[in-house]
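Participant: If you read the sequences in order, they're chains A and B.
Okay, so the first sequence: first residue is 1 according to our numbering, each after it adds one.
Okay, so the second sequence: first residue is 241 according to our numbering, each after it adds one.
FYI, nobody ran anything at the bench for these hints, they're computed from the structure.
Heads up, the beta-carbon is just placed ideally off N, CA and C, and yes, glycines get one too.
Be careful, since some hints might not be right.
Claimed, not checked - If you want the footprint, here are the derived chain B segments under chain A, 3+ residues with CB under 8 Å:
id, stretch
1, 257–268
2, 321–335
3, 488–496
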Amino acid sequence: MTNTQVPAITVDDMHVRFVRKRLFKKTAEAHVLKGISFTLNKGDSLAVIGFNGAGKSTLLRVMAEILAPDAGKCLNHNVSTALLAMGVGMFPQCSGRVNTVMQLMLQLGIGKREAESMVDGIAAYAELERVIDDPLTTYSTGMSMRLQFAIATQSRPDVLLVDEILAVGDLPFRQKSIATMRAKLSSGDTVVFVSHALNEVRELCQRAIWLENGIILADGAAKDVVKEYVQYFNILGKNK
Amino acid sequence: MQLPHKQHLGIILYRARITLAAENSRTYLSFLWWIIDPLLELCIFYFVFGLILQRGGPGFITELLTGIVGVRLFIVATNASPSLLLHNRAALLAINLPKYIFPAVHTVTCFFKFLFLLAFLCCGLLVMGVSPQPTALMLVPITLIYVLFTLGVCMLLCGITPFVPDFAMLYPKISMLLYWSSGVFFRPEAFLPERYLVWFYANPIASFIAAYRECLLHGTVNPTRLAYLFAISIFLLLLGYAFLAVCDKQFPRLVSK
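For reference, chain A alone in the conformation it holds in the complex (with noise of 0.2 Å):
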């Protein structure tokens, strides 16, 4: 796509262990990730694809700065990361627009002022613009994740980090969910989606990597990486 020859981020031979101690019990240790190496480049579409458990939600908080890394390296070139995150401490008890404005200055780091003018716009793509003055506490599960995925696709930082968000809502939303989120894949951004839909990350993504048990089991370019992930698990007929 653009430039891939200019670093983003670099993970190098990275380990995250959660360790926890107990009195009377054993203490537990999870090796979350197990040494994983690599480099996304500017440009990229990353998609980080594995069973749950593999590590890939913890790898991208480390990849947004919010965990850090047990042993080795996780180097930020000088780039702005988020990620993209549905529904950060809402008040149930409080109005659409009251709880956007909140979680665009939490998301976005701007002002008041900025985020209460793109209220209105956010309401417009979540179809809720009559309801936006009503406390959360009325809306329905689809509504409310329609207000929460309009909110969190307004981020561009320089490294979108996706985890598992790409359809909400009722077979209308979730179209149009699903165009925005292909939107920001094939923008030329550079995004790391984590995924468990394969054909879309086959289809937009250049670039997978297949993480297993805290280890990468396969880095290259999507197509490939998803066509061994699907025959090792034959999952394929599963999926579809």
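With the hints as your guide, set chain B onto chain A.
Facilitator: Positioned in the frame of chain A, the structure of chain B alone reads:
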């Protein structure tokens, strides 16, 4: 992406505002609970200590009311602090936020309620016949120091608990000890020999209550006390901020276990 510093204050104030709105919408009597709750406390203490134990005397109710209001900000703010980061787990795991924002939002929320209560206290004292004192102006600096102190303690409490989760079980007892030993419903001068008073007032909560009583009821100000409270507040504030900043990347890991 770390939030730009210039946005921190805006986020704290806006989040505090909607936290208050959300809290008020949960009950029928809404913000009236900010006053009803301490008033009920006043009635219970008056019933137990004033009527049953006959420990009252002239000015007991005004001293008691000032004590209950004075301790309120610290007790309400710190009781919820140990679990603040755990309650904000989702945000911690999704957004690269400086962690002091959570105790700051909580303290500002409690501070706003406290200001309301303080205004109510002043009106209540006037109604009970306490003549207004010029030293009442000292309410402003005392309250500002009190907020800094409370914020410092809240930052430390919410930072300690993810490392030692058992602290959340222990703190309510510490809070209870502080409440009962800070002179909320008694004047230590009536019980303690003078040589022990300095130790009693080394407890900042007792000193804050004494400072409120002095400026509102007795028309005096103790500069040494205020200097001590200011120094300890700044120390705790810096310590709490540094603790949260140094351990910033460890908290998401600790709350995600």
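Participant: Give a verdict on every hint.
Facilitator: Here is how each hint holds up against the structure:
1. 257–268: holds (count 6)
2. 321–335: holds (count 7)
3. 488–496: Satisfied; 5 residues make the cut.
Hint check: no violations occur; every hint is consistent with the structure.
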